[in-house]
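Trainee: One line per chain: the protein sequences are A and B, in this order. Residues 1 to 536 in the numbering used here are what the first sequence lists, from first letter to last. Residues 1 to 536 in the numbering used here are what the second sequence lists, from first letter to last.
FYI, nobody ran anything at the bench for these hints, they're computed from the structure. Any given hint might turn out to be false.
Just so you know, same-sequence chains aren't split out, so a pair can sit in one copy or run between any two.
Taking lysine-lysine pairs in the DSS-like style, the calculated list, with each CA pair at most 30 Å apart, reads [as the list claims (entries may be wrong)]:
#, residue 1, residue 2
1, 400, 300
2, 120, 93
3, 120, 279
4, 120, 91
5, 400, 126
6, 91, 364
7, 444, 251
8, 300, 251
9, 300, 91
10, 444, 364
There are 2 protein chains.
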Amino acid sequence: MIGSAVPIPRHWYNAAADLPELYGPYIDPATGRELTADSLTELFAPELVEQELDRSTRLRPIPDEVMERYALWRPTPLIRATGLERALGTKCKIFYKYEGVSPIGSHKANSGVAQAHYSKRAGRTKVYAETGAGQWGSAISMGSSFVGLDAEVFMVGGSYDAKPSRRILMETFGSTVHRSPSPHTAVGRAARAADENAQGSLGLAIGEAVEAARADPAAAYALGSAFNFVCLHQTVIGQELRAQLDSVGLKPDALISCIGGGSSFAGLVFPFLDQLDRKGAPLDLVAVESNAVPKVTQGKFTFDHGDSAKLTPLVEMYTLGHEFAAPGIHSGGLRYHGLSGQVSKALNLGMGRAVAYSQLEIFKAASLFARTEGLIPAPEAAHSVAATIEIARQHRDEEKVLVFCLTGHGFFDLSAYQRYNLGQMEDSDSPSEAIARSLGELPKVPHRGAPAPAGADPFDAWERWHFGNRATPDRPVGGGGATDLREYRVVSERLVREACRNASGDLFVAANAVITPAAESEARDRGRAIVRDIAR
Amino acid sequence: MIGSAVPIPRHWYNAAADLPELYGPYIDPATGRELTADSLTELFAPELVEQELDRSTRLRPIPDEVMERYALWRPTPLIRATGLERALGTKCKIFYKYEGVSPIGSHKANSGVAQAHYSKRAGRTKVYAETGAGQWGSAISMGSSFVGLDAEVFMVGGSYDAKPSRRILMETFGSTVHRSPSPHTAVGRAARAADENAQGSLGLAIGEAVEAARADPAAAYALGSAFNFVCLHQTVIGQELRAQLDSVGLKPDALISCIGGGSSFAGLVFPFLDQLDRKGAPLDLVAVESNAVPKVTQGKFTFDHGDSAKLTPLVEMYTLGHEFAAPGIHSGGLRYHGLSGQVSKALNLGMGRAVAYSQLEIFKAASLFARTEGLIPAPEAAHSVAATIEIARQHRDEEKVLVFCLTGHGFFDLSAYQRYNLGQMEDSDSPSEAIARSLGELPKVPHRGAPAPAGADPFDAWERWHFGNRATPDRPVGGGGATDLREYRVVSERLVREACRNASGDLFVAANAVITPAAESEARDRGRAIVRDIAR
C-alpha cells in the first residue's frame, strides 16, 4: 500500500523469547518422547521448523518475497468506532484493527503467504491443508498460487456444504478442495464408514491433511493456527497496531481477540507483552471464545493431540479433548478443540483472561456493529465485538482505549445473519456432557522425571521435575532430541504449585527448566519456600 | 483510518467548473423544458440539488459528519500489482486503487454516506433507491443506518434471485428490499402484468424508486451513479490517488475504470483533468464497458431518459436507449443503458476514450489477476483489469504508470467465477439488433433555437444555436427556468462541427453557451473559421 505513515513491520516477533515460562515441548504420539526437528521436517519446510522450535530469537526478519506480498494489504487499517461509541454512550475509545482488507478477507493471509513461500523454497511442489470455515484454505490457496505450488485443501464437510463461495474462491486460485471426511485418506475413509454424510470437524480435516502430506515426500503440510510459527507470522498485526497507536499518542488498556487456534490473539497481543507490567495501568488481554467450545473457561490445561486421528504431536494447551465434537455453531473458525501452546501458556500464567459468549449474544453485538460501523464481522470476530461492547459498557465513564482485532469480514456468512435477522437463530449452550466425555479421553502423558516415591518431601518431587530432568551434553532430555534449554526469566509460584500437584502424578510439567546458575539458585530458593509453605 | 500519510480529501471536486464545454441541461420529461431546481427538490435534499446544478464551484467542503464516516475506510489503498506485472512481462508499473475496502465492498459507499447525510439533514425520514448488482443498495442502506433513515430498495429481479447475500446485507442494515418489478408501484405492476417473473432492469428499478419517492413527501430518492452529485462525491478517489502517487514521485500515464453509470470513472479521472494537456506525456483516460452494453462504442450521444418508465429527466449522454434490455451478463453494475452527462461530455469531447470487452475476456483477466494479486475483482471491475492488461502488453517495454480503479471485490460473484472455472460460462456479444431497435425509440428532443432554413450558411446555424439561444435577464433559456449560464473556457472544434451537422436537424446542441464578451468574441471567430473551413 502506497503512502502509509506506518511501515509494515520488517520482523516477526517471537514471544517465546519473552514469555516468563516456557510452554511444554511437543510429544511425539508414536514414541511418547519429545518430538525432534527431523520429525517435523517431514511435514514442514526447515525454516518453519526452526521458527517452531526457536525459543530464544526475539525478532526474525521477514523475507523480501513475503514483504512484497504483505504490501498488497498491509498495513491494515486501525479504525476508531465512533459510531459504536455513541450508540453505547461510553467514554471509552474503541478501535478495531481490521484484518479483513486482506485479499482473502482475514488475518489468515499473513501466514498463508509465509508458509507457501518457505514450502516452495524448500523444494516442495505441493501443500496439503485443512480448513474449517474456509479462511485458512483461502489463505494457503492464495499463497500457493503466488509462488506456483499446487494446493489440496480438506474442508470441513459442514462448511463445504454451507459455504460454496469459500470453496469457489479456493478453486479460483487453482486449488483442489475436498469435502472432509473424504475418500482420499484412511482417516477420512474411517470417518465415512461410520457416517457417510458426516459433517466433519477441524480435528478430522487436520488428520486428513497430515496423512496426505506424510504420504507424499514432495508435499508439505500447511496449518492455519495453533502452531508457534503461525502465531509468529501473525505478530505483524500487533506490531503495526503499536505504531498506529503511537502515531496518535495512545496506549491500549485492553486488547481483545477471539480464539480458535489462537493465532489472531497471539498476533494482536504478543507484541504488547512488555506492557503487561505497566505501573498503574494494567493491560487487559482478553481472549474470547464461544460458550459452545469453551476450551479455556471449561477445558483443561494439559497435553493433548491437535487432531482427532492422533497423528499430530501432543501439545501442552487448553483443550476440550481431541475427540470433542463441537456443536454446529456459525463460527467454524472457533470450533477447534485446542488452543496454541504459546497462547495457552500465557493465559495459564494469568497474563490474560478468557471470556465466553453464546451465539445469540455475538450476533446481537455484530448487528449493532454493522449498523453503527458498516462492517459485517465474521461470526468469529463478532465474539470480539461482544466482549468489547461489554467492557465499554462496564467502563462507560472512563476514557479507556479498547482495541479489538476484527479478524475478517462476514460476507460469506450472510446466511447466518439472515437467520439472526429473521429471529430464527438458535442460541448456543455449553455442551457440558460432551466436554466431560471427551476430557475423559485425554491421553496419558508419559512422565519424564523419575516418579516421586510415596510420602516424599514435596519439594524433592518439585526439584526432581525441574532440575533432575535437565539436559546436559551427555544426557539430553526427551530421548536424544536436541532440546534447546533456555533461561527462564521468572519461576512463577504457579509453576511450583503445579509441580507439587504433579508429585501425585496428576500433572505434567515441562522439562525445559531454569538453566543459569543464578536463576537456578533463585528458583530453588523460591520454590523451596513456596513448596514448604504449601506443605505446612 | 489511523496513521495514513495521505489525508482524506476535505473537499469534493466539481469537474463542471473545469470541463471545456458544459454538458446539456436536464429536460423535464413532462414539459419538454429545462428542469428546475424546485422540481429536483421534490426528490433530493436541497444541498444535493445545489451540487447537481452547480457548474462553477470547483471545490465543495465535505461535511464533518461525512468526513467521520469516510474515516472508516478512507484513504483507500493504492497497491502496486507487482505479481501481475511479472506475469505479463511488462515494464509498465501497474497500480490499483482499491475501493473494495469500504464496509460494503465498493466505491458506492462514498456517495451512500453523503446522500444519507443530506437527506437526513433536509428532514427526510426515508429514502427509496434502486440497485442492480446490489452495490448501491448496500451503500445507501449503510448510509441510512448510520443516520437513522428508513431505506427501501428496489433490487433488479435477476440480481435479487442470484445474489441473496447482497439482499441480506441490506436487511442487516435494517433496509426493506423489494424484488423489482414489484407490486408496490404502478411502474412495477405494469411490468409484472407483462411478465410476472420479469428479470427487471436498472431502468425499471429506478422508475419504481422514483415513483415511490414522489408519492411520499417525507421521502427522498437516492441514486447510485450518473448524476453529477454522485460523480462529485466519488472524486475523493482521484484526489487521494494524486496524493498517493505524488508521495512516490509518480504521475499516471493512463487512468482506467469501468463505466456503468460512470461515477467511478468520474471519481478516478476528474481530479486529473488538468493533466490532460501535459506536454509530451499525454494522459490516457480509458472508460471500459461491456460489449453487451456498449453505450459509448455503439450508442448515441443525445438526450435520453434515465429510466424505462420515462419518469426521470432527459439527460444529454451516451445511451443505448432507455428501452434497451441489457443481456444478462454477470456485471449487473454495467447493464445501465446510459452514462453520466459529465462523463459522456468528457468522452464526447475526446478527453478520454472508451473500450469494450466481452464476458470471457474479463473473466480471463480477473482470473489472472486473482492468481497473481490475490484479490477477486467484482465482474464490473474486471473490465478495468482486462483493459489494463491490454495496455500493459501494448507498452511492454515502456515504464508507463497505469492505474485502474478496482471498484469492488467479487465475493458476492463467486458463482460466476465458478461458471468460468468450470468452462461453463457463455461469452457475451454485442446485441446489435436490440441496440438498433432501442435507439429507434429515442425521445424527440425539442429544438430550442430557431430551426435553420434550408440552404443557410452553416455558420449562421451554428451561431444561432450557440448565441441566438443565449439567456438574458428578460429572455431566459428553457422556458423560464433559472438556467445558470457560465463561461466556456474553450469552444472546441468538435462542438462547432456538431452545430453544423445540427443545421440539418440531426443533433441537438446544449443551449448553455459562451457568455463573457471576450469568450464570445473568440468563440465566434474560432467557430467562423472552423465552420467556413468545413463548408469549403
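Trainee: With reference to the structure, classify each hint as holding or not holding.
Mentor: Each hint tested on the structure:
| no. | hint | verdict |
| --- | --- | --- |
| 1 | 400 with 300 | neither (32 Å within a copy, 60 Å between copies) |
| 2 | 120 with 93 | between (43 Å within a copy, 26 Å between copies) |
| 3 | 120 with 279 | neither (46 Å within a copy, 47 Å between copies) |
| 4 | 120 with 91 | between (49 Å within a copy, 26 Å between copies) |
| 5 | 400 with 126 | neither (47 Å within a copy, 36 Å between copies) |
| 6 | 91 with 364 | within (21 Å within a copy, 51 Å between copies) |
| 7 | 444 with 251 | neither (44 Å within a copy, 66 Å between copies) |
| 8 | 300 with 251 | neither (33 Å within a copy, 59 Å between copies) |
| 9 | 300 with 91 | neither (37 Å within a copy, 57 Å between copies) |
| 10 | 444 with 364 | neither (41 Å within a copy, 55 Å between copies) |
Checked against the numbered hints given earlier, this structure breaks hints 1, 3, 5, 7, 8, 9 and 10; the rest are met.
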